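Top line first, the protein sequences correspond to chains A and B. Just so it is clear: in the first sequence, position 3 is 3 by my numbering, and no numbers are missing. Throughout, my numbering is defined as the position within the second sequence, counted from one, plus 61.
If you are wondering where the hints come from, they were derived from the structure by calculation, not from laboratory data. Keep in mind that this is a model prediction, so the values were computed, not measured. Glycine is no exception: its CB is placed at the ideal position from the N, C-alpha and C atoms. Among the hints, a few may not be true.
To be verified - Below, computed lysine to any residue pairings styled on SDA-like, alpha-carbon distance capped at 20 Å:
| id | chain 1 | residue 1 | chain 2 | residue 2 |
| --- | --- | --- | --- | --- |
| 1 | A | K60 | A | I50 |
| 2 | A | K11 | B | K353 |
| 3 | B | K353 | A | I50 |
Stated by the list, open to error - To list a few chain B residues with every Cβ distance to chain A over 12 Å, as calculated:
| id | residue |
| --- | --- |
| 4 | R132 |
| 5 | T261 |
| 6 | P295 |
| 7 | L316 |
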Amino acid sequence: MTSLPKRWPLKRIFGAPAVVGGVVIFGLLSALLGDGFWDVLSWLALALPILLFAYYALIKA
Amino acid sequence: MTSKSLRIWIRVHTWTSLVSMLFLLLLCVTGLPLIFHEDIDRAFGQRAIPDTSAAATTPHLPLDRLIEIARQARPGETVRFATAVRDEPLWNMEMATSVESRKLTAIVTVDARTGAVMRTGDRIRSPPMQFLRDLHAELLLDDVGMWILAVIGLCFVASIVSGVVVYAPFMRRLDFGTVRKTSRRVYWLDLHNLSGILLTVWLLAVGLTGIINTFSEQIANHWMATELADMLGPWRNAPAPSKIISAQSAIETALAAAPGMTVATVAMPGTMMAGPHHYDVFLSGNQPLTSKLIIPVLINAEDGSITDMRSLPWYAQALFISKPLHFGDYGGMPLKILWALLDLGAIVVLCSGLYLWLARLRRSHGNAHPSEFQLTQKGATDDVLA
Numbered sequence: 001m002t003s004l005p006k007r008w009p010l011k012r013i014f015g016a017p018a019v020v021g022g023v024v025i026f027g028l029l030s031a032l033l034g035d036g037f038w039d040v041l042s043w044l045a046l047a048l049p050i051l052l053f054a055y056y057a058l059i060k061a
Numbered sequence: 062m063t064s065k066s067l068r069i070w071i072r073v074h075t076w077t078s079l080v081s082m083l084f085l086l087l088l089c090v091t092g093l094p095l096i097f098h099e100d101i102d103r104a105f106g107q108r109a110i111p112d113t114s115a116a117a118t119t120p121h122l123p124l125d126r127l128i129e130i131a132r133q134a135r136p137g138e139t140v141r142f143a144t145a146v147r148d149e150p151l152w153n154m155e156m157a158t159s160v161e162s163r164k165l166t167a168i169v170t171v172d173a174r175t176g177a178v179m180r181t182g183d184r185i186r187s188p189p190m191q192f193l194r195d196l197h198a199e200l201l202l203d204d205v206g207m208w209i210l211a212v213i214g215l216c217f218v219a220s221i222v223s224g225v226v227v228y229a230p231f232m233r234r235l236d237f238g239t240v241r242k243t244s245r246r247v248y249w250l251d252l253h254n255l256s257g258i259l260l261t262v263w264l265l266a267v268g269l270t271g272i273i274n275t276f277s278e279q280i281a282n283h284w285m286a287t288e289l290a291d292m293l294g295p296w297r298n299a300p301a302p303s304k305i306i307s308a309q310s311a312i313e314t315a316l317a318a319a320p321g322m323t324v325a326t327v328a329m330p331g332t333m334m335a336g337p338h339h340y341d342v343f344l345s346g347n348q349p350l351t352s353k354l355i356i357p358v359l360i361n362a363e364d365g366s367i368t369d370m371r372s373l374p375w376y377a378q379a380l381f382i383s384k385p386l387h388f389g390d391y392g393g394m395p396l397k398i399l400w401a402l403l404d405l406g407a408i409v410v411l412c413s414g415l416y417l418w419l420a421r422l423r424r425s426h427g428n429a430h431p432s433e434f435q436l437t438q439k440g441a442t443d444d445v446l447a
């Protein structure tokens, strides 16, 4: 059985996705637990994955 | 991770995705207009709006008068449930031929200040929106469709988890956000990886809450058979009292016992949610989170006393919390628009994944393009999945 490299650069691979995931979790909960200001934070947080996709797929590519 | 386990993960990702693909596309496409169902119905005049002839400060009529008005609007029928529309002076009266009946005949919306009937319809939603909702939630197949969707939901979760696992080897040598245009297949592979990993948390949230919503009827039935039966205790099978107190005094008693809460729904005596001897007044809180939850207060319909009042069990609370997290209707119009964009993003994930599978099928019929994995790993572990 071939073994893939033992040491995966997991931090590099999942670093950015983990940060985005954390921001999205925050966004999902902030509008649920608060109103007004917290709704605005939720909009900003949930816009992040959309903006990143638009940037990498449409602008940078 | 060994090459064998990687191969298994890729296979899990491919097949769980393929099994659920068409259903997920259907859910994304029907879900898109459903995010805005209230706004669309309102725009087409299909949703009840408050009576404009009354001032906002006009006091509300007693609930019993509103029930009477709904009954006059639908002769021969009775009100099973009266539901207060949140933040609007409107009540939705669910009508049936008898209180025991489980079949809804109509919903009559009455303005609480003037008593004017603002709308009568089969459901709260307009027929086209109701159709989309039935397609989305039950595939138009009632219980069977619900179970199919629950299985699809589990496949979806397995596909997301395995997708995250196989993301690692694909991205081993690439920077986050890389979108290469070296070939069409590489381009779509990179788009699939990027959109998939960016949307992982949202997809999981909407997928898991969708599964919970699928079981809403089972959850309600279980609550009635266990918790409600326990709350009613000896009253469960008691005969209906000959004379019952007014619905208005029932909600006033309930509200007095729970300061700061508002009435969400009143189940009339005789309905399965209340039993023959009680009103069941469901209250909701006034905080962002507690406004999504309800607390049942059982009011003895003969003497007006409180029989029991207790929070919902964890599984029912999970259902009520999962509704906003699935619908995206808890943070104003901007959140709905973001929900729609994320839904479109999910369609990108699905279509790019489908494209990669089809491109691979074509490849296996003859010419030997390298697999997606090899495209990524070129030179390093070429032999791994050869």
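Status of the hints after comparison with the structure:
{"no.": "1", "hint": "A:K60 to A:I50", "in the structure": "holds, 14 Å"}
{"no.": "2", "hint": "A:K11 to B:K353", "in the structure": "violated, 38 Å"}
{"no.": "3", "hint": "B:K353 to A:I50", "in the structure": "violated, 27 Å"}
{"no.": "4", "hint": "R132", "in the structure": "holds, 37 Å"}
{"no.": "5", "hint": "T261", "in the structure": "violated, 6 Å"}
{"no.": "6", "hint": "P295", "in the structure": "holds, 39 Å"}
{"no.": "7", "hint": "L316", "in the structure": "holds, 22 Å"}
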